[in-house]
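Engineer: What follows is the residue order along each chain.
Number of protein chains: 2
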Amino acid sequence: MPAYPDSLNRLIQSLKQLPGIGTKTAERLAFHLIKLSKDDALALAKNIADVKQKLINCHICFNFAEKDPCPICSDPQRDKSTVCVVEQAKDLMAFERAGEYKGVYHCLLGHIALLEGIGPEDLTIDALVKRVLKGGIKEVIIATSPDLEGEGTAAFLRDALAAAAKKSATRITRIARGVPAGAEIENVSQAILADALRGRREFEK
Amino acid sequence: MPAYPDSLNRLIQSLKQLPGIGTKTAERLAFHLIKLSKDDALALAKNIADVKQKLINCHICFNFAEKDPCPICSDPQRDKSTVCVVEQAKDLMAFERAGEYKGVYHCLLGHIALLEGIGPEDLTIDALVKRVLKGGIKEVIIATSPDLEGEGTAAFLRDALAAAAKKSATRITRIARGVPAGAEIENVSQAILADALRGRREFEK
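So the sequences go chain by chain: A and B.
The opening position of the first sequence corresponds to residue 1 in this note's numbering, with each subsequent residue numbered one higher.
The opening position of the second sequence corresponds to residue 1 in this note's numbering, with each subsequent residue numbered one higher.
The hints are simulated quantities; they were obtained by calculation from the structure and are not laboratory data.
One should not assume that every hint holds.
The list makes no distinction among identical chains, and a pair is therefore deemed to hold if it is satisfied within one copy or across any two copies.
[Said to hold, decoys possible] Only pairs whose alpha carbons sit at most 30 Å apart, straight line, appear in this in silico DSS-like list of lysine-lysine:
1) K24 <-> K38
2) K24 <-> K130
3) K38 <-> K80
4) K167 <-> K24
5) K35 <-> K102
6) K35 <-> K80
7) K38 <-> K102
8) K35 <-> K130
9) K67 <-> K130
Only a predicted model underlies this, so the values are computations on that prediction, with no experimental measurement involved.
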């Protein structure tokens with residue numbers, strides 16, 4: 001069996017450990033890396049090492065950060081009585097980009113997916129329940145994705161938080177689901193339209 | 001504008017320098033990298049640095065190698081009088097995997113693509129002409145891909161090699177194009193079938 005040079009082979013094997021990256025993609029990436037200037041490639045190598053050495057999870061919200069608590073949890077301007085529960089740091093960033101939200105967050109670090117072996121105990125749900133029990137939280141907004149796993153996780157959270165929420169007088173809410181703002185109805189998929197119809201509401205007075 | 005932690009941001013920026021990787025993919029890769037074990041991530045970082053430090057291009061065939069000349073060019077078993085011209089190291093590996101070919105190679109390190117600013121002078125065509133002029137090569141097999149850029153590069157090579165080939169009595173050939181071996185005609189695309197019809201030949205006697 002012919003082989004790439006050792007160092008190239010080791011790089012391809014390393015890249016293949018990333019989820020969703022097979023042999024072909026790993027080879028493609030490796031050849032791109034060879035073509036980078038030496039400075040850029042060494043910078044990338046350093047940045048990978050750095051990120052593993054510097055990044056931690058905030059002990060309050062579990063967002064990735066270099067300081068604990070994270071900048072959001074330690075920001076006196078943020079409303080600590082409202083907690084938005086997201087699956088992952090990328091979702092948190094999406095909300096931050098929207099710029100609307102002034103509360104704090106709780107990162108679950110995933111969603112429940114029993115078929116993939118991810119159960120509630122693999123997420124930060126216990127910590128969330130404790131956060132609510134501690135008191136001072138008026139509302140927990142569950143903002144998991146409106147897909148199969150996200151809705152399942154939302155339903156699990158609703159039940160898991162029920163007792164603590166009652167004790168601490170905390171509202172548990174779910175982000176709205178329907179036609180996306182700005183969309184043209186003619187271009188919205190059947191499934192989303194049907195879902196939006198099922199979820200219809202009275203006009204507010 | 002909200003931002004990821006510095007180290008994560010730097011990693012995303014580094015990844016974005018790879019061709020074909022936009023912000024979304026860079027973020028996705030970065031989050032995968034965070035999830036790797038520390039050992040695996042540091043190994044990947046080391047392997048990237050290694051590959052840039054150890055890999056060179058063989059001065060004869062321009063294949064990536066850790067030694068110069070490369071293992072193929074320095075293998076006494078390989079037939080140095082037959083040179084297969086490929087666009088890139090990955091193509092060379094594909095031929096090696098096929099196991100049929102016992103000659104040596106010449107890597108062009110790309111193909112001519114004027115729209116992307118890649119001209120003949122960016123490839124190792126001059127070195128190939130010199131290789132032929134030096135003598136001792138009976139056949140040069142042009143094995144660029146049968147796509148737009150590969151065929152263009154093949155046509156350019158045919159012309160660029162003509163004088164040297166005549167002087168050194170070297171045959172210039174092109175790999176066969178047609179329906180792929182093992183394919184079922186019903187599943188072969190129209191374009192490939194039309195191409196195979198146009199290229200039809202008499203049976204050999």
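Engineer: Against this structure, judge whether each hint is valid.
Structural biologist: Tested hints:
no., hint, verdict
1, K24 <-> K38, "both (23 Å within a copy, 24 Å between copies)"
2, K24 <-> K130, "neither (45 Å within a copy, 34 Å between copies)"
3, K38 <-> K80, "neither (46 Å within a copy, 33 Å between copies)"
4, K167 <-> K24, "neither (54 Å within a copy, 41 Å between copies)"
5, K35 <-> K102, "between (44 Å within a copy, 28 Å between copies)"
6, K35 <-> K80, "between (48 Å within a copy, 28 Å between copies)"
7, K38 <-> K102, "neither (43 Å within a copy, 34 Å between copies)"
8, K35 <-> K130, "between (50 Å within a copy, 25 Å between copies)"
9, K67 <-> K130, "within (22 Å within a copy, 60 Å between copies)"
In summary, the structure is inconsistent with hints 2, 3, 4 and 7 from the numbered list given earlier, while agreeing with the others.
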